[in-house]
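Trainee: This is what each chain is made of:
2 protein chains.
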Amino acid sequence: MSETAYPVTERNKVRRLHERGRHDFASIYEILDAAMLCHVSYVIDGQPYCTPTVFWREGNHLYWHGSSASRMLRTQKPGVPVCVTVTHLDSLVLARCGFNHSVDYRSAMCFGNAHIIDDPEEKSRALDSMIDRLYPGRNAELRPSTAQELKATMVIGMNIDQASGKIRSKGIGDEEEDYALPIYATRFPVVQTIGPAEDCPRMPAGVPYPEGLAGFIPGRRLDEIMTESYKKTYGDT
Amino acid sequence: MSETAYPVTERNKVRRLHERGRHDFASIYEILDAAMLCHVSYVIDGQPYCTPTVFWREGNHLYWHGSSASRMLRTQKPGVPVCVTVTHLDSLVLARCGFNHSVDYRSAMCFGNAHIIDDPEEKSRALDSMIDRLYPGRNAELRPSTAQELKATMVIGMNIDQASGKIRSKGIGDEEEDYALPIYATRFPVVQTIGPAEDCPRMPAGVPYPEGLAGFIPGRRLDEIMTESYKKTYGDT
Numbered sequence: 058m059s060e061t062a063y064p065v066t067e068r069n070k071v072r073r074l075h076e077r078g079r080h081d082f083a084s085i086y087e088i089l090d091a092a093m094l095c096h097v098s099y100v101i102d103g104q105p106y107c108t109p110t111v112f113w114r115e116g117n118h119l120y121w122h123g124s125s126a127s128r129m130l131r132t133q134k135p136g137v138p139v140c141v142t143v144t145h146l147d148s149l150v151l152a153r154c155g156f157n158h159s160v161d162y163r164s165a166m167c168f169g170n171a172h173i174i175d176d177p178e179e180k181s182r183a184l185d186s187m188i189d190r191l192y193p194g195r196n197a198e199l200r201p202s203t204a205q206e207l208k209a210t211m212v213i214g215m216n217i218d219q220a221s222g223k224i225r226s227k228g229i230g231d232e233e234e235d236y237a238l239p240i241y242a243t244r245f246p247v248v249q250t251i252g253p254a255e256d257c258p259r260m261p262a263g264v265p266y267p268e269g270l271a272g273f274i275p276g277r278r279l280d281e282i283m284t285e286s287y288k289k290t291y292g293d294t
Numbered sequence: 058m059s060e061t062a063y064p065v066t067e068r069n070k071v072r073r074l075h076e077r078g079r080h081d082f083a084s085i086y087e088i089l090d091a092a093m094l095c096h097v098s099y100v101i102d103g104q105p106y107c108t109p110t111v112f113w114r115e116g117n118h119l120y121w122h123g124s125s126a127s128r129m130l131r132t133q134k135p136g137v138p139v140c141v142t143v144t145h146l147d148s149l150v151l152a153r154c155g156f157n158h159s160v161d162y163r164s165a166m167c168f169g170n171a172h173i174i175d176d177p178e179e180k181s182r183a184l185d186s187m188i189d190r191l192y193p194g195r196n197a198e199l200r201p202s203t204a205q206e207l208k209a210t211m212v213i214g215m216n217i218d219q220a221s222g223k224i225r226s227k228g229i230g231d232e233e234e235d236y237a238l239p240i241y242a243t244r245f246p247v248v249q250t251i252g253p254a255e256d257c258p259r260m261p262a263g264v265p266y267p268e269g270l271a272g273f274i275p276g277r278r279l280d281e282i283m284t285e286s287y288k289k290t291y292g293d294t
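Chains as they are written, first to last, in the working numbering: chain C, 58 to 294; chain S, 58 to 294.
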């Protein structure tokens with residue numbers, strides 16, 4: 058492995074439209090850290106499964122909440138191969154022919170061997186990190202987890218052995234001879250945003266709005282908030 | 058298979074928090090038809106892959122754009138097992154302890170055998186349907202596809218043999234004894250919306266805004282638009 062990029066093999070080679078491909082850590086991490094959800098793929102008896110879940114990154118490791126993959130992981134301690142994919146949809150591209158219709162997007166596929174984080178201390182630390190990665194400083198403000206709660210939570214981790222990123226951001230790309238046609242062609246930007254906080258009605262009076270949520274401004278893009286939260290908690294790693 | 062729901066086996070049983078589970082066609086289709094992107098999982102030599110792509114539904118069939126799964130499909134004509142997953146993120150739930158932090162969401166996992174749509178007529182019809190499913194009536198307004206373009210496009214289809222849906226919409230669910238704690242607890246709604254159309258600057262003057270895009274109003278939720286587009290094109294199927 059070079060120091061700034063993942064090795065490229067058959068597994069993570071970008072085949073279609075390879076000019077959109079990325080393999081350097083910085084590009085992959087940027088796509089990952091802007092997201093709170095991923096899709097985890099794994100195999101049980103030859104059948105693929107794809108589960109959405111909350112995840113986060115620490116250095117070159119990913120962590121996520123347990124899923125039905127746990128069935129399999131319980132019996133295969135050395136780990137099982139998984140693919141963790143993150144996708145941001147950035148626009149709808151309406152071109153002049155069907156073939157050139159597209160979407161702008163940023164996606165990353167990460168390959169590695171998933172294993173259960175079983176050690177109670179490591180698991181506890183990982184879950185605290187998950188909360189703080191999403192909501193900076195929040196863990197210190199919460200009622201501490203009980204042993205029972207920790208036991209009921211499954212944390213899965215993996216080293217990113219290989220990854221590939223794909224970015225499309227060019228909007229419309231039509232055939233040169235098609236531009237003059239009287240066909241409506243446009244791009245609709247797509248954003249995922251948060252709305253105004255809906256505070257729990259059972260909260261006692263006088264509970265202040267946490268400083269760590271200062272970035273959670275109504276109407277703001279979730280990918281920007283997630284990137285900012287990540288940097289507040291982990292710095293530029 | 059009953060007439061209104063998928064059979065439940067080990068493969069699509071909802072294990073964790075099964076009160077969130079759905080197996081009826083109506084619930085699954087509603088989640089699918091509100092989306093334009095899915096994540097497709099498949100296996101090559103024991104390695105799972107998870108690829109985001111545009112997809113659509115016709116009756117109990119799903120179709121999507123080719124991906125690296127095509128490598129495998131070319132050699133396995135009878136089809137290969139896949140899992141197609143769709144996820145909508147609806148809110149961030151900040152509870153009073155780490156354990157009760159959550160997100161509201163709607164997701165569907167669909168299982169079946171994927172096969173290549175090779176017949177030129179069937180492929181052409183499928184691609185036309187994809188355009189119209191997203192943008193009602195648009196196909197008739199486009200420059201027709203060339204034989205070359207059709208050849209360069211891979212369409213994959215599958216019957217949904219089994220599926221499971223999962224919906225969480227309850228917001229905060231804390232332990233009864235925790236509600237009185239002086240801890241900030243809230244829900245941030247999350248929406249994915251489109252912005253104002255960015256028309257292609259190379260469009261000739263006088264090209265009218267298509268009637269089929271009347272629902273593409275800036276600020277509107279993409280899941281609502283997609284559901285509406287679906288019904289306009291396919292009716293209530």
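Calculated directly from the structure, the hints in this document are not laboratory data. Any given hint could be a false lead.
Note that identical chains are pooled: a pair holds if it fits in a single copy or bridges any two copies.
Unchecked claim - Within a straight-line C-alpha distance of at most 27 Å, the following computed DSS-like cross-link-like pairs (lysine-lysine) qualify:
no.	residue 1	residue 2
1	Lys208	Lys288
2	Lys208	Lys180
3	Lys289	Lys180
4	Lys208	Lys227
5	Lys70	Lys289
6	Lys288	Lys70
7	Lys289	Lys227
8	Lys288	Lys180
Trainee: Are the hints correct? Go through all of them and say.
Mentor: Hints, one by one, checked against the model:
1. Lys208 - Lys288: Neither: 29 Å inside a chain and 45 Å across chains, both beyond 27 Å.
2. Lys208 - Lys180: within (9 Å within a copy, 50 Å between copies)
3. Lys289 - Lys180: within (22 Å within a copy, 49 Å between copies)
4. Lys208 - Lys227: Cα proximity of lysine 208 and lysine 227: across copies only (24 Å, versus 47 Å in one copy).
5. Lys70 - Lys289: Neither. Shortest intra-copy (33 Å) and inter-copy (39 Å) distances fail the 27 Å Cα cut-off.
6. Lys288 - Lys70: So lysine 288 and lysine 70 fail the 27 Å test inside a copy (29 Å) and across (38 Å) alike.
7. Lys289 - Lys227: neither (31 Å within a copy, 29 Å between copies)
8. Lys288 - Lys180: within (22 Å within a copy, 46 Å between copies)
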